[in-house]
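Enquirer: Required output: the full structure, derived from the provided sequences and hints.
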Amino acid sequence: QYTETPAELEQYYREMLFIRRFEEKCNVVYRQGKAGGYMHVYIGMEALAVGWMNSIRKGEDYVITAYRDHAHALLLGTPAVAVMAEIMGRKAGTAGGKGGSMHIYDPKNGFYGGWGIVGGHVPLGAGLAFAAKYRGEDKVCLNFMGDGAANQGVVYETLNMAGLYDLPCIFIVENNEFAMGTRLEYHAADPELWKRGLPYNMKCERLDGMDVLQMKKDAQRIVNEVRETGKPYWVEIMTYRYSGHGAADNDRQLYRTKEEEEKAWQRDPIGRLEQVLIERNILNRERLEAIDEEILEQVEQIYEAADASPFPDKNEVYDNIYSDMSPEEGH
Amino acid sequence: QYTETPAELEQYYREMLFIRRFEEKCNVVYRQGKAGGYMHVYIGMEALAVGWMNSIRKGEDYVITAYRDHAHALLLGTPAVAVMAEIMGRKAGTAGGKGGSMHIYDPKNGFYGGWGIVGGHVPLGAGLAFAAKYRGEDKVCLNFMGDGAANQGVVYETLNMAGLYDLPCIFIVENNEFAMGTRLEYHAADPELWKRGLPYNMKCERLDGMDVLQMKKDAQRIVNEVRETGKPYWVEIMTYRYSGHGAADNDRQLYRTKEEEEKAWQRDPIGRLEQVLIERNILNRERLEAIDEEILEQVEQIYEAADASPFPDKNEVYDNIYSDMSPEEGH
Amino acid sequence: MAATVEITFREALQKALYEEMDRNADIFMIGEDIGRYEGTFKVTRGFFPKYGHRRVIDAPITEAGFTGLAIGAAMAGLRPVVEFMTKSFSILALDQIINHAAKVHYMTNGVVKCPIVFRGPGGAAKQLSAQHSHSMEGWFAHVPGLKVVAPATVEDAYGMLRAAIRDDNPVVFTENPGLYTVKGICPDDNEFIVPFGKANILKEGRDISLIGYSRMTQVNLLAAELLAKDGIDAEVVDVRSLLPLDTDTIFASVRKTHRAIVVYEDWKFGGFGAEIAAKVSEACFDDLDAPVGRVGGLNVPMPYARVLELECIPDENDVLAAVRKLG
Amino acid sequence: MAATVEITFREALQKALYEEMDRNADIFMIGEDIGRYEGTFKVTRGFFPKYGHRRVIDAPITEAGFTGLAIGAAMAGLRPVVEFMTKSFSILALDQIINHAAKVHYMTNGVVKCPIVFRGPGGAAKQLSAQHSHSMEGWFAHVPGLKVVAPATVEDAYGMLRAAIRDDNPVVFTENPGLYTVKGICPDDNEFIVPFGKANILKEGRDISLIGYSRMTQVNLLAAELLAKDGIDAEVVDVRSLLPLDTDTIFASVRKTHRAIVVYEDWKFGGFGAEIAAKVSEACFDDLDAPVGRVGGLNVPMPYARVLELECIPDENDVLAAVRKLG
Ligand SMILES: Cc1ncc(C[n+]2csc(CCOP(=O)(O)OP(=O)(O)O)c2C)c(N)n1
Ligand SMILES: Cc1ncc(C[n+]2csc(CCOP(=O)(O)OP(=O)(O)O)c2C)c(N)n1
Ligand SMILES: [Mg+2]
Ligand SMILES: [Mg+2]
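If you read the sequences in order, they're chains A, B, C and D.
Under our numbering, read the first sequence as residues 1 to 331, first letter to last.
Under our numbering, read the second sequence as residues 1 to 331, first letter to last.
Under our numbering, read the third sequence as residues 1 to 327, first letter to last.
Under our numbering, read the fourth sequence as residues 1 to 327, first letter to last.
Incorrect hints may appear among the rest.
[Stated by the list, open to error] Listed next, the in silico PhoX-like pairs over lysine-lysine satisfying Cα-Cα at most 25 Å (straight line):
1. D/K126 <-> D/K42
2. D/K113 <-> B/K58
3. A/K108 <-> A/K133
4. B/K231 <-> B/K133
5. C/K42 <-> C/K113
6. B/K133 <-> D/K50
7. A/K91 <-> D/K126
8. A/K58 <-> C/K50
9. D/K113 <-> B/K133
10. B/K25 <-> C/K126
11. D/K325 <-> A/K314
12. D/K42 <-> A/K258
13. D/K113 <-> B/K314
14. A/K133 <-> C/K50
15. A/K203 <-> A/K231
16. C/K113 <-> A/K139
17. C/K126 <-> C/K183
18. A/K314 <-> C/K113
19. A/K314 <-> A/K91
20. B/K195 <-> B/K217
21. D/K126 <-> A/K34
22. D/K113 <-> B/K91
23. A/K91 <-> A/K25
24. B/K314 <-> C/K325
25. A/K314 <-> D/K126
26. B/K217 <-> B/K203
27. C/K183 <-> C/K203
28. B/K25 <-> B/K258
29. A/K108 <-> C/K113
30. C/K113 <-> A/K91
31. B/K231 <-> B/K195
32. B/K139 <-> D/K113
33. B/K314 <-> C/K203
34. A/K203 <-> B/K195
35. C/K42 <-> B/K258
36. B/K258 <-> A/K195
37. A/K231 <-> A/K195
These are computed hints drawn from the structure, not numbers from a lab.
Expert: Here's what the structure looks like:
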């Protein structure tokens, strides 16, 4: 009577758990000083990306997001070692160490980054959708942004154009209740962000991002509709950021209580799927633990491989500023 | 049984007609080469400004708008000679000839301009309202913008803050159906601009701006409410721009037909009020014509006075860049 | 020897745009009022009827938004030509141009290309006041990842716009409004290209180098004529391309004339002319018989009154005064 | 002789902010995460508890919007202190700063004042990559109507921030993130002001002038120490105020040392150092024994990998190399 096959459920479980363990390792790496700058993990939000990435044509459809981008890349098929290497600023990274955690790109798998200016990538995503339409392709673009990003004016400039030009673009607000240290209620006049697309002639919805099965169903329905109609869609997805804003944020107590976090942990999408797997007798505790062992081992190997890869050479600093020239050199 | 006194009706009539004749003169002045650059008249939209300016506490409340700003200034009590002189780039102008038609300012009458970057002044208006609230004053701000300006993202950044901070700001979209040469349908995904404030926790309405009596009633109601509640309000007002976008726009046929313009003329707010004045036996045709004569004469005198005033001296070019210093001089 | 036509600067831009749009279906234009309204400066007149709303797109007044949309399209392989109604309005799109278009190639270590042109009138027109009269090219030339050109002649308008459109990198293309009606001889050759990074000696001279770009090059030509009357033989160096900058040609000229004046319309203080002057002063230290002079716009927000506006914009007399000052 | 305290650059900023907010109730702060979260660089720590949300305002992530709101409040007579989480994000607010704050006084011919401070960390921190590492001061210093300062010492941070807050004009106040933890002696005097437009000789010297601002002045001090070992007596000129610029002090130093190097962290090409170098080259033409050297940041979007990032940012060794190059 279930719509998902056991294989699918196990796949979602493995994907979510892999992201979780991968990013826990990222945090360790960061604390060890092997990664620097700003690094933002997706812990708690895994169901959201897993639901959406399994609803598109990977490698064909366009995906773009902000700096909280590890999960999106990994799910699209970007080699995990290349992602870890980029986070560690290595030559083997997706951008040869030039981008770092915030700037993961993998266009051949449909991933267009990986952007650091809050809200700045949203019109780019509309442009990707525009290109698909211009060429008569039936690709869609998943255009992810945060709840804080949803305050940037360029988002509404983009919605107006998406509605005006009929662009196959799905705007997905990852509402994790916080913009850095500022709670939703303190940055949004009306916390119901799902309403914000209404004035621009597009469908709008608020969805649950903590239940991967429901997320996948909703995502698939919307992706199919947008591919069909070629019209934009605005979606707010309720989720939660268990970690600090970034690896450098050690001040969570400034904006929320331990109690709140513990309560939120009860909605943990991974734990929730574990229940389902057990209830449906698909995987028992032992199997779940074995899978976790397996993934932890896998992540270790990924880290080892990344850590074994060299740093960029100094002279690479001038490479790829332009496709066909170098800037004036030297200090 | 009427809510307006005959005196009020005559006042509205005189105000609208004065703006109309004043700006017709501006067009002549421009054609004669005595004004230059970009100059935008309000012809057809007079009822809108008349309705609102008669609903506030002139000189106390804040008013801000874009470059189509003659009417707002004149109605707030800015000396007409100073406005005409500014348009003609004279020393006696509101800004000593430094601003021109687009940049009329008169803070002591509550008028804060007069801005040329489409949408750019909208957050400033919220800031004026913020100052009122900060000081515990019960002032309101009338924040005018065009239908095209309503696409600029900064407008929605501002609405969110106005809703978040509870600012006594009335956002007034002067929807004259065109953004320069682009028709509403070609620049707005949904032409019902009144909806655009809905996601930001504020009341929103669409109103008729061609009937000065109705406009005044609606404006008074909204101004009173905002002064009372201290909360923002978003209003779309339907009007029409009879002239080209600016005095330099001689290409109206590129974006609309003569027929459309003629049809629009049937809604002329001045003609409409004339009907009322006659029906209610307040003023007959002769009186109306006499008033017109009087105003035309008045406008001529204003022009003469402005034209008699000197141009700025070259050495004034460095004045008032800073309150307390001059920039490095010379080429 | 290819055929030529005598046309205006504006017509040269239109010619390049038509020929390139015909040649490559991936090219589209986007900007405010460029379609049905034909553009405020009428550069895009005739394009909407010919190519329709698919390739000539009227954008809402949302500079950041439509610029970002075009950049995204370029990342996907299209070749957008973005018109800013005036370059002054590109200030609202700077984040998109500088943080996104200019950096994506580097941030992806060369994986993503961004072939896009940002064009439109830059500099003062006539009495458009403080908010509509910016010269932006100096700011853009400060940003690695962008190429920045500012042609002064009909031939260069034609050849450099084509080069810009065919470039695989973001190019800021500046058209001074005062140049649109300038007439000149233009090659009638849809493969004619003026490569970036080459300055051009428009008039040879022995006594002093007048170095400028965009409309100021025309001013320098005028100044050179007047100087000739005083027996001063000025060389007019048209920089054309700010980034990349052709220092070889500029230095060679100064090493020949031993005197130089850099002329630019932008605010003098902190403008791009300072970079040229600093470079010439450093590289030609032993060759200079006099300090490198600079002529720039007054450090003043552009005033409306014509009498004040004319004070702000450099003209040939200001160049002459600077030459005399050098002695 | 007033009392002094030894505090960090960050504490000096906090001290000035506290004292001014206590002194004038028209002053309020607005910025992202500056209240409850105490600011990403913790400059505003303690202010929210003390002054509450009326005077310490957490803004949504809308740089253009909250900057414009603050400018409007300033036009109405309040005295906002705007924090940009990093100056890089001020790029999104440039239209508000340049077209509105900087121009309103002129466009109203002096009727409207705009007393506002735009502060925050400017320049590279550590591995924040291409979009978070901009030095913006050169661009701002190009804009008439703004004042632009970039202190390098604890004392100047204290005295110049107070001067900025009391100024009736828009002031861009740059804090290089590398300076926040620098310790120094600070006057304990809530009327202590360092007026704008005065450069400061931090170390006297006979042989060469090292001219810089913000963190690069600290680099120059280090370089001067190293040069001393080679018997080169360098003078360290801390520009402090870019607009207005104190050319008298700068020129006097160069006329004494006959050699000059301008050091700045920003991209070298088209950066503000070019303006200083061009001015010195012109004004001190007869006094210079060598061309004016420049040391700037590489013309590269800031890369993430530390090894690459360190390549981009000038340090004392780059200054030494430039000195040697002058010979
Ligand atoms: C234009 C801009 N302003 C500010 C920042 C600093 N900043 C980085 S992330 C962030 C919070 C964004 O919150 P949200 O959009 O909800 O995304 P989340 O981090 O929750 O995924 C801020 C303020 C930035 N990077 N860009
Ligand atoms: C940021 C910006 N972009 C473009 C322009 C050029 N422009 C001036 S007015 C205008 C149309 C504005 O239309 P609307 O907002 O409807 O106001 P209206 O002129 O109809 O009163 C345009 C595109 C500008 N001044 N500023
Ligand atoms: Mg969030
Ligand atoms: Mg309109």
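Enquirer: With reference to the structure, classify each hint as holding or not holding.
Expert: Status of each hint after checking the structure:
no. : hint              : in the structure
1   : D/K126 <-> D/K42  : holds, 16 Å
2   : D/K113 <-> B/K58  : holds, 21 Å
3   : A/K108 <-> A/K133 : holds, 19 Å
4   : B/K231 <-> B/K133 : holds, 10 Å
5   : C/K42 <-> C/K113  : violated, 30 Å
6   : B/K133 <-> D/K50  : holds, 20 Å
7   : A/K91 <-> D/K126  : holds, 19 Å
8   : A/K58 <-> C/K50   : violated, 37 Å
9   : D/K113 <-> B/K133 : holds, 20 Å
10  : B/K25 <-> C/K126  : holds, 21 Å
11  : D/K325 <-> A/K314 : holds, 22 Å
12  : D/K42 <-> A/K258  : holds, 22 Å
13  : D/K113 <-> B/K314 : holds, 23 Å
14  : A/K133 <-> C/K50  : holds, 20 Å
15  : A/K203 <-> A/K231 : holds, 9 Å
16  : C/K113 <-> A/K139 : holds, 20 Å
17  : C/K126 <-> C/K183 : holds, 20 Å
18  : A/K314 <-> C/K113 : holds, 23 Å
19  : A/K314 <-> A/K91  : holds, 11 Å
20  : B/K195 <-> B/K217 : holds, 21 Å
21  : D/K126 <-> A/K34  : holds, 13 Å
22  : D/K113 <-> B/K91  : holds, 20 Å
23  : A/K91 <-> A/K25   : holds, 20 Å
24  : B/K314 <-> C/K325 : holds, 22 Å
25  : A/K314 <-> D/K126 : holds, 17 Å
26  : B/K217 <-> B/K203 : holds, 17 Å
27  : C/K183 <-> C/K203 : holds, 18 Å
28  : B/K25 <-> B/K258  : holds, 23 Å
29  : A/K108 <-> C/K113 : holds, 13 Å
30  : C/K113 <-> A/K91  : holds, 20 Å
31  : B/K231 <-> B/K195 : holds, 17 Å
32  : B/K139 <-> D/K113 : holds, 20 Å
33  : B/K314 <-> C/K203 : violated, 33 Å
34  : A/K203 <-> B/K195 : holds, 14 Å
35  : C/K42 <-> B/K258  : holds, 22 Å
36  : B/K258 <-> A/K195 : violated, 40 Å
37  : A/K231 <-> A/K195 : holds, 17 Å
The structure shown violates the earlier hints numbered 5, 8, 33 and 36.
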